[in-house]
Amino acid sequence: ILNVEQSPQSLHVQEGDSTNFTCSFPSSNFYALHWYRWETAKSPEALFVMTLNGDEKKKGRISATLNTKEGYSYLYIKGSQPEDSATYLCAFYSGNTPLVFGKGTRLSVIA
Amino acid sequence: NAGVTQTPKFQVLKTGQSMTLQCAQDMNHEYMSWYRQDPGMGLRLIHYSVGAGITDQGEVPNGYNVSRSTTEDFPLRLLSAAPSQTSVYFCASSYQLSGANVLTFGAGSRLTVL
Chain L
79 ILNVEQSPQS
89 LHVQEGDSTN
99 FTCSFPSSNF
109 YALHWYRWET
119 AKSPEALFVM
129 TLNGDEKKKG
139 RISATLNTKE
149 GYSYLYIKGS
159 QPEDSATYLC
169 AFYSGNTPLV
179 FGKGTRLSVI
189 A
Chain W
43 NAGVTQTPKF
53 QVLKTGQSMT
63 LQCAQDMNHE
73 YMSWYRQDPG
83 MGLRLIHYSV
93 GAGITDQGEV
103 PNGYNVSRST
113 TEDFPLRLLS
123 AAPSQTSVYF
133 CASSYQLSGA
143 NVLTFGAGSR
153 LTVL
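The listed protein sequences derive, respectively, from chains L and W.
Numbers given in the numbering used here equal positions in the first sequence, counted from 1, plus 78.
Numbers given in the numbering used here equal positions in the second sequence, counted from 1, plus 42.
Hints listed in this document are in silico derivations from the structure and should not be mistaken for laboratory results.
The C-beta atom is built at its ideal place from N, Cα and C for all residues, glycine as well.
Some clues are possibly wrong.
Claimed, not checked - Capping the alpha-carbon separation at 30 Å, the derived lysine-lysine pairs in DSBU-like fashion look like this:
id : chain 1 : residue 1 : chain 2 : residue 2
1  : W       : K51       : L       : K181
2  : W       : K56       : L       : K120
3  : L       : K147      : L       : K120
4  : L       : K147      : L       : K135
5  : L       : K137      : L       : K181
6  : L       : K136      : L       : K120
7  : W       : K51       : L       : K120
8  : L       : K156      : L       : K137
9  : L       : K181      : L       : K120
To be verified - Listed below are several chain L residues computed to face chain W (Cβ distance under 7 Å; list not exhaustive):
id : residue
10 : Y109
11 : Y152
12 : G182
Same shape as in the complex, but just chain L (with noise of 0.2 Å):
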């Protein structure tokens, strides 16, 4: 079983904190990288797909890097606002077998 890790567990900012996380993932067979968003009582949505080494993906104030090589992947959220709560998961894609999620990060903003 393909192991993803996400670091850290949980995490708690103010808000307009700007803050970071981590999913580690093979360097090996390297497909795609996905992020998903889950709020709470909600099901998760997804935020990026990345497949190219280097890749970088913004949407509002959430960005990802990609790094195949090293096999890494951060997740960055500037200004972090209240209803950025939720935790964020990773999911990796190594060929013909189904996404790997990650445990997830669980991201509290402090108003």
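We have chain L; now place chain W onto it with these hints.
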């Protein structure tokens, strides 16, 4: 456009009972999958299907059965419920099993086995 519809949203079972969680999608997605979410464990794949008539096991398939007779539907059957199957279950689909295709999730089904 309803997306991925899961029923029921909540269910309480007694140990040994059987039941089926329903999942339907109206997006003509070939790939469908079932996950369970437990505290501290993230999303774990139970079963998946890359098209009608084709199913395969995921990470935690024991105690569950699936079939895919149509593109739209992918029911998950609990054969003899156990307390260890108390969890939140998510159905998810995508156009194809491909890294480029993101998953669309259903709203989840919370199952409690007493």
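Now the hints, each set against the structure:
no.	hint	in the structure
1	K51(W) / K181(L)	holds, 23 Å
2	K56(W) / K120(L)	holds, 26 Å
3	K147(L) / K120(L)	violated, 34 Å
4	K147(L) / K135(L)	holds, 18 Å
5	K137(L) / K181(L)	holds, 22 Å
6	K136(L) / K120(L)	holds, 23 Å
7	K51(W) / K120(L)	holds, 12 Å
8	K156(L) / K137(L)	holds, 11 Å
9	K181(L) / K120(L)	holds, 16 Å
10	Y109	holds, 4 Å
11	Y152	violated, 19 Å
12	G182	holds, 6 Å
The structure fails to meet hints 3 and 11 from the earlier list, while all remaining hints are met.
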